[in-house]
Amino acid sequence: MKKNSLLMIVFLSMMILSLGMAGSVQAQSDQTMTVSGTGTVLLKPDIAIINVSISTEKESVQEALDENTKSVKLVKSALTEMGIPEEDIKITSYSLYSTQKYYRDETAGMDEYIFSVFYGFEIKLRDISKLNDVLDACINNGVNSINSVSYDSSLREDTYMQARDLAIDDANANAQQIAQKLGVTVGNIKSFQVRDYPTDYGAMYGMGGGGYGGTAPLESGSLKIVVTVDITYEFSLP
34 MKKNSLLMIV
44 FLSMMILSLG
54 MAGSVQAQSD
64 QTMTVSGTGT
74 VLLKPDIAII
84 NVSISTEKES
94 VQEALDENTK
104 SVKLVKSALT
114 EMGIPEEDIK
124 ITSYSLYSTQ
134 KYYRDETAGM
144 DEYIFSVFYG
154 FEIKLRDISK
164 LNDVLDACIN
174 NGVNSINSVS
184 YDSSLREDTY
194 MQARDLAIDD
204 ANANAQQIAQ
214 KLGVTVGNIK
224 SFQVRDYPTD
234 YGAMYGMGGG
244 GYGGTAPLES
254 GSLKIVVTVD
264 ITYEFSLP
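According to the working numbering, the residues represented by the sequence shown are 34 to 271, in order.
Heads up, a few of these hints could be off.
As the list claims (entries may be wrong) - Derived DSS-like pairs: lysine-lysine, alpha-carbon spacing no greater than 25 Å straight-line: (1) 163 / 77; (2) 106 / 123; (3) 157 / 77; (4) 134 / 91; (5) 163 / 106.
Claimed, not checked - Restraint ranges, calculated between C-beta atoms of paired labels, are given here: (6) 157 / 137: 35 to 41 Å; (7) 222 / 271: 17 to 23 Å; (8) 225 / 73: 44 to 50 Å; (9) 132 / 226: 49 to 55 Å; (10) 65 / 160: 46 to 52 Å; (11) 225 / 270: 55 to 61 Å; (12) 140 / 254: 49 to 55 Å.
Keep in mind the hints are simulated off the structure, nothing from the lab. Quantities reported herein were computed from a predicted structural model and do not represent experimental measurements. Cβ coordinates follow ideal geometry from the N, Cα and C atoms, glycine included.
The whole structure should be built from the sequences, with the hints applied where relevant.
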């Protein structure tokens, strides 16, 4: 009997202790709210990224290679003469393949082939006032496809920090508005996160195969830097 009473006392003591611990955890738990803020900054681009390519087809693999290489050298020479440094002209793709001539000419023998060489490269133009002149130089010296023209800015990193600060201010304002509506008081920051920010480089142009005459003027528009942050705040009830 005494043994059972002792076990009952121990059991009750453990129950009371566990309830006391649960109460202390609940008292220490934080009441929080998470809000988002967005910052947007527009700026004028000062860099153009141009992707062009040269495609050559010949019935002789050596002729295809030689003609493609000659065109590539002419284009690069014209670009460097315009003041574009070699490090701002880089290869992006290169391929050599063959197809049976029969698929284009039914009179051709099954052992006759057409060899195609493709050379693609990217040009970083740091003076966008020369954009149309650069495009014309590419076309006049052998480029037969202008694949895309996009824009960037040398001030993008500084602008990102401005947009981030605006996003934080926006999140703070949102937190205060929500707190006022709910009748609570905003406290300390518990966590902070900057999302991966999308950057809209404005218009991107694809121009297909090369043609004759000058290229049409391209307007750069504006770059838009957008940053979103998530902030978790403590809040207290009145």
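Go through the numbered hints given earlier and state which of them the structure violates, listing their numbers in rising order.
-> Per hint list: 8, 11 violated.
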